[in-house]
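A.B. asks: Fit chains D and S to the given chain W structure using the hints.
What follows is each chain in one-letter form.
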Amino acid sequence: MSESRGDNSRATRGLLPGPVRSILPFLVAAALALLLHGAVRPLLPEFFPRVILDIGINVILAVSLTMVNGFTGQFSLGHAAFMAVGAYTAAGIVYYGSYRLFGDAAVHGGWISGLTPASGSFATGADMLFLGALLTGGLVAAVCGYVVGLPSLRLRGDYLAIVTLGFGEIVRVLIQSQTTDTLYDAQTIAETPVWKLPQYLGGPVGFTGLPFYTSLFWVWLFAIITLVVAFRLKESTYGRAFLSIREDEIAAEAMGIRTTRYKVRAFVIAAFFAGIAGGLYAHTIGIQLNAGELAFMKSFDIIIMVVLGGMGSISGAAIAAAILSVLPELLRNPPSVLHPLMAGLLVLCALVVLVFARGKVRALVRLVVAIGIYEGIRRAASAGGVNLADYRMILYAIALILMMILRPQGLLGLREFWNIRWVRRNTPPAKEVKAGP
Amino acid sequence: MDAIAVGSLYALIALGYTMVYGILKFINFAHSDVFVLGAWLSFVGAGIAGLDPAREASIGPWVFWVLAALWAAAGIAAVYELVLRPALSRRLDRRLPAPRWHLNLSLVAAWGSIAVGVLHLAKGAASAGFGFAAGGIILLLAMMVCGLTGFCIERLTYKPLRRAPRLNVLITAIGVSLLLQNIGQLNWMFGTRPDRMPTLLPEAELFTIGTAVRVRLVDVMVVGTAVVLMVVLDWLVFRTKIGRAMRAVSFSPPNASLMGINVDRVISFTFVLGAMLAAAAGFLFSQKYPGLNQTAASGWVLLGLKAFVAAVIGGIGNIRGAMLGGLLIGLLEFFVAQYLPDGASLRDIFVFGALIVVLLFKPSGVLGKSATEKV
Amino acid sequence: MQRSIFGAFGRIALALLLAAGLAACNDSGGGPGGSGSAGGSASTESTGDGGSSGAGGSGDAGAAESAGAADAGSGGSAGDVILIGHYASMTGKEATFGQSTDNGIRLALEEVNAAGGVNGKQLKLITYDDKGESKEAGSAVTRLITSDKVVAVLGEVASSLSIAGGAVCEQYSVPMISPSSTNPRVTAGKQMVFRVCFIDPFQAAAIAKFTTENLKLTKAAILYDQTQAYSKGLRDDFTASFTKMGGTIVADQAYNGGDTDFSAQLTTIKAANPEIIFVPGYYTEGGNIAIQARKLGITVPLIGGDGWDSSQLPAIGGEAIEGCYYSNHSAPDQPNMKEFVEKYRAKYGATPDALGGLGYDALMVLVDAMKRAKSLGGKDLAAAIAATKDFKGVTGTITIDADHNAQKGVVIVQIRNGSPVFVAAVDPSEG
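Chains as they are written, first to last, in my numbering: chain W, 3 to 439; chain D, 175 to 549; chain S, 1131 to 1561.
Next comes chain W alone, as it looks inside the complex (with noise of 0.2 Å):
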C-alpha cells in the first residue's frame, strides 16, 4: 500500500482552520490555471497551447477512469459514452442558450475563456453559461452513470465490459439517429419552445456551430479539481473501501462493506468528471462534435492511458494521458536523435540513469541500444516510404499486449508519483502489491 497516509493535513493543520483547508486546493487550483492561461500561455510558441489543452482534456478523462478501472478493479469499457452524454448536454444548453440570451453563438466570454484569450472584461454571464451548462453536463453523465451502473455492477467483470461496451454503442446509434440538423436561425430558435430543443443536436453530422470557449483556464482547472477529488478519494475511507473490493469482492462484502454501493458511487463519480471533459471537449476550437468519434475507439484511448499509467494510480495515470496525448503528432514525424532538443532530452535520461540506476553500466547499454533501435526504425521508415503514424494503432496494441505480459501494473501500478523510492536504501522496499482483482 502507498505510503502516505490519510493525514496529510498535518503539515498545515495548525495554520488554518477546516473549511478553509477542504477548500485551499480548488483556490490554488483556480490561480495556477489562470497563471498558466495568462501568463504561461504568451510565451509558448503557437502549437503548444492546444497540445496542452488536449493533455488537460485526457487527464480529466484518464484520471475519472482510473477511479472505476483502478480503484475498484471494475473493468468499464463505455468511458466514451459518458463523455458524450456530458458533451451533447453541454454543447445543447450553450449553444441554444447563447441564441435566447445574446442572439447568436459567438463567444462571449471574457477573458477566461477562448483559446486566446479575448481582450475584455474578465469574466462575463456567458463564461457563467458556460460553466453552467459543464456542470450540467457532468450532473447528467452522472445521472446516466447512476442508471447504467445499478444493475450492471452487479455482474462481474467480464459482463460488465460487455454491458458498458453495449451501452457505448447505444448511445452513439441513439444520438445519431435520434436527432436532427441543428437550428442556426435565431428566429426559429427563439420560437422553439425549449423541450423541443433536445432533438436539434445536429444528429450525424454532429453539432456544428459551437462557440469555442474552451481554454487552458477552463480545462486545468477542472484538470486539477479532478487530480484533487481523486487524491482525496483514494486518501480516504472510500478509497479504502474501493481498494479493499478491488483486491477482494468476497473478502470485502465479509467485511462488512456494501460493494455494489461503492460500485455505482466509483462509477457514477467517474461519469460527472467524463461530462465535464466532453462538455470542455466539444467547445474547444477546431473541434466538431460528432457521436461517431466517442465511441468504442475513444473508449479505448482512455483505457490503454490507465493501463499504462498503472491501474490504480492516479499520477500514472496523468502521465501516461500526457504521453499518449503527445504520441501522435510525435509520430507524425518522429524527432531524429541528432535534434538539439531530442539530444537534450536523452542527455538527462542518461543522466538520470546514472544517478539512480543500480547497475550504470548495464542501464548505460540498454539505453544507448534502445537509441539505436530508435533511430534505426525512424531512419528505416522514413527512407522507405512508411508513415510510422499510420502503425500507430498497432503500436498501441502490441504496446498493450506486452505491456500486460511483461508488467502488468503498468508505469507506476498502485504507487503515486512522489511515492516512488528514486534512491535506493540499503533495506529493501515495502512489497508492493499485485495488479489487479
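Treat the hints as calculated values from the structure; they're not laboratory data. For each residue, glycine too, the CB sits at the ideal point set by N, CA and C. Don't take each hint at face value.
[Stated by the list, open to error] Taking CB as the label site, the calculated pair distances span:
| id | chain 1 | residue 1 | chain 2 | residue 2 | range |
| --- | --- | --- | --- | --- | --- |
| 1 | W | 263 | D | 243 | 56 to 64 Å |
| 2 | S | 1376 | D | 527 | 19 to 27 Å |
| 3 | S | 1481 | W | 41 | 40 to 48 Å |
| 4 | W | 145 | S | 1374 | 57 to 65 Å |
| 5 | S | 1250 | W | 404 | 49 to 57 Å |
| 6 | S | 1533 | W | 299 | 28 to 36 Å |
| 7 | D | 330 | S | 1472 | 46 to 54 Å |
[Claimed, not checked] Partner residues aside, some chain D positions facing chain S, computed with beta carbon under 10 Å:
| id | residue |
| --- | --- |
| 8 | 462 |
| 9 | 463 |
| 10 | 507 |
| 11 | 508 |
| 12 | 510 |
| 13 | 511 |
| 14 | 512 |
| 15 | 522 |
C.D. replies: Frame of chain W, contents of chains D and S only:
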C-alpha cells in the same frame, strides 16, 4: 429464412466464445477478428484459386520465403534442443534454458505448408471446373489458416497469462483484437478498400413458404454447412476422448491434469477449434453478403459482439446453449427489423438490450446453470 | 492536502515540460526550413500510387512529387518556396477518397512547378493524414498553419472534417479550399473557406430533375444512411426537390453505416412499388444494396449521389449495379476530362475518379488566385479566390459565388459494362 441463416452464423461464432470461456473462464475479444480474418482469407483464397475470372491473383513469393524461414527456424530450434543443449550442458556443467520452441515452430511450419498445398489443390479443382468443390476447399483453407492464427495467439499471448488476474487477460484480449483489426487494415495486407467475394453458387430460389419466407440456395448452403459443423462439434465434445478431456478441463484444470490430461494441449486444441469455426462462419458470411468491408468501425465488429451476446444468452460455457442463443439472436434481429417501424436501424439496440435483460434476470443464460461462487 | 497540491503542481510542470520537449521536437521553430518538419509529407502507399516522401533530410525517393527547389538541407530558404497544406484521410475508411484527392493535387503541383511556379517561386505541398477523425483534422490544420506556416490549406473530402478544419482556418485567417465537401455548412458564414464543387441541395435538386425530366419517373423510394450527415442531407434535399417537381416518395428507409444486411428495408421498399430507388450513401454500401435488391427481385434502377464515385463500385456491385445512375462532378469520358485522365494514368497507372479531378482543380484555382492576389496574405488571397470567375477546370467551369461555393453543373453517369459513362449534364437552376 434469412434469420435462420444469420442465426446459424452467430451460433458458429458463439461456439468459439463459449468454448474458450468454458475452459479458461475469460472472454476472448479477439474472436470476432478471427471471423473477419476468415472471411478475407476466403476472399484472397478464391482470388488465388482463380475462381473469379475478373480478378487474377497468385500466391506471392513471400509466402514461400516465410515458410522456408519457419522451417529453418524449426530446424535450428530442433537441433538446439535435441543435440546442442544436452551436449553443452554437460560440457559447461549447468543447465541451459530449454524452450520447447522446436515443437511449436515445426507444427506451425507444417500447418502452413499443408495450407499452401491445399490452396494449390483448390486451384486445380477450380480450373478443372469443379467450382463448388473448390469452394469447399477454400473453406478448409480458411479454417486451417485461422486455426493456425488461433494457435499462435494462444501460445504467444494467453499462455503467459494463465495465472494472471482476469482483468489483465481481458485487456490483453482487447489488445489482440485491435492488433488483428489494424493489421488487416494495412495496405499490404487487405487494405481498407471494400471488395467483392466471388460467389460459388448460382443465384437460385428454391421455394417459398407462405409469402414472406423465401428459401434461397445460398441460405440453404449456409445453414446446411453450419449445421454439419455444429453436429461434428457436438459429436467431438460429447463422444470422443478429446472432448471428454475438454469437458474435464472446463470443470477443473488442476484435477484434470491430475488425471493425466495434458491441459496445455487441450487448451490449444480448444482455441484452434473455436478459430476454425469462426473461419467457417467468415466464409459463409462472405458467400451470403459478397461485398466485403474491412473497417474497424463497421458492422463486422458488431457482428462478433452480437455473437458474444448470443453466447451469453444461451448460457456461456454451454455448447448447446450457444447454438440456441445464436438462433434466438438471429430471429430477434430479424423480427425487430421487419415488424417495428424504425426497426432496421434500432436492431443493435435491441440486441444489447436483450443482453442486459438476460444478465439482470438470469445471468447464467437460458441453458446455463447458476454457479455459486465459492470462496 | 499539502502533498496533493505539490503533486498536482508537479504534474502540471511535468506535463508542460513533456509537451514542450516532445512537441517542440516537431516544431520547426518558425520557418519551413527547420529539420524537424520540413518535407513532412505523410502519405501512404497505395496500389498504383507513386506518392511518397520521407521525413527529415534523408534522400527522397519520389522527389519529383514534392517540388524540388528547396529541400530540407538548405535551411531557412523560405523565400523560394510557397508552402501549401493539405489534410486528408489517407488511412481509415475514407482512405481512397483522400488518396485520390492527394494524387490530383500532386499532379497539378508538378505541372505548375514545371511551368515555373507562381511568381517565380516553386510550390511545395505538405500533406497530413487525419485518419477520418475531426479531432485529428483540427490538429492537422492547426499544425499546418501554426507550425508549418502554409499560405493556404486544401481539404477535406468529408464535410464534417471540412467543418472542423474550416473553423481553425477561420480563426487564423488562412484561406481554405475544399475540393469536394458538399454540405452547405462547410462554407456557410465563413470568410476564409471556399469549395470548388457543388453543394448538396444543388446536387439533390439535379438528381430530382434528372429523374423527373430525363427518366420521366415519379415514384421514388429512398434508402439512406442515417449515421452519415452527407447521406441524410441529400435525402432531405432530394425529398424537398422531388416533391416540388411533382414526384412522390413512396418509401423512406434508413440503415446504419457499416450495415451489411438491407433485406428488411428493401422488402419494405419493394412492397411500396417504386419506379426508382435513391441511395445517397457511399459506394461501400451502395454496391451491397444493389446486390441485395436484385436478389429480392427488385428490378428498378438505383440512383445515387457522388458518394458512389469510386472504381470499386462496379467491382463490388457486379451485374447488380449495371444500368444504375449516380450524380457526379465529372465523368471520365467527358471532353474536358480526357486530357486529365491521360495525364493521371501516365503518372499513377489508374483511372482517376472525380475526386482526383477536383483535387487538381482545387490547386489550380488556388494558383490562379495566387497569381491575381495583391499579396499572399490570408485576406488578400481569400479575396482573390472569391473573385474566381469562369475558370476552366478539368471538372467543369468554376465560378465562385457569393456563398463561396462553385457554380458548376451536375453530371449524371450510368454504369455500363463496369464503367461510369456520361449520360447528361443537369443544371437545376434553369426550369
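A.B. asks: Each of the hints needs a verdict: does it hold here or not?
C.D. replies: The hints, checked one at a time:
Between residue 263 (chain W) and residue 243 (chain D) the beta carbons are some 57 Å apart, a value that agrees with the proposed interval 56 to 64 Å. About 43 Å separates the C-beta atoms of residue 1376 (chain S) and residue 527 (chain D), a value inconsistent with the hinted range of 19 to 27 Å. Checked against the hint of 40 to 48 Å, the pair residue 1481 (chain S) and residue 41 (chain W) fails, with Cβ atoms roughly 57 Å apart. Range check, residue 145 (chain W) to residue 1374 (chain S): Cβ separation about 44 Å, and the 57 to 65 Å hint is violated.
Judged by the Cβ atoms, the range 49 to 57 Å given for residue 1250 (chain S) and residue 404 (chain W) holds: they are separated by roughly 53 Å. The supplied range of 28 to 36 Å is met by residue 1533 (chain S) and residue 299 (chain W), whose beta-carbon atoms lie about 35 Å from each other. The beta-carbon spacing between residue 330 (chain D) and residue 1472 (chain S), approximately 50 Å, falls within the hinted interval of 46 to 54 Å. A least Cβ separation of about 9 Å between residue 462 (chain D) and chain S falls short of the 10 Å threshold, and the interface hint therefore holds.
A hinted interface residue such as residue 463 (chain D) counts as satisfied when its beta carbon comes closer than 10 Å to some beta carbon of chain S; here the least separation is about 5 Å, so the hint holds. Among the interface hints, the one on residue 507 (chain D) holds; its C-beta lies about 9 Å from the nearest C-beta in chain S, closer than the 10 Å criterion. Using the Cβ-Cβ criterion of 10 Å, the hint placing residue 508 (chain D) at the interface with chain S is satisfied: the shortest such distance is roughly 7 Å. Interface hint at residue 510 (chain D): satisfied, since its Cβ lies 9 Å from the closest Cβ of chain S, which is below the 10 Å cut-off.
Annotation: residue 511 (chain D) was flagged as interfacial toward chain S, and the flag holds, the nearest CB pair being 4 Å apart, inside 10 Å. The restraint placing residue 512 (chain D) at the interface with chain S holds, with a minimum CB-CB distance near 5 Å, inside the 10 Å limit. Proximity of residue 522 (chain D) to chain S holds as hinted, the smallest CB-CB distance being about 7 Å (cut-off 10 Å).
Hint compliance for this structure: hints 2, 3, 4 are not met, and every other hint is.
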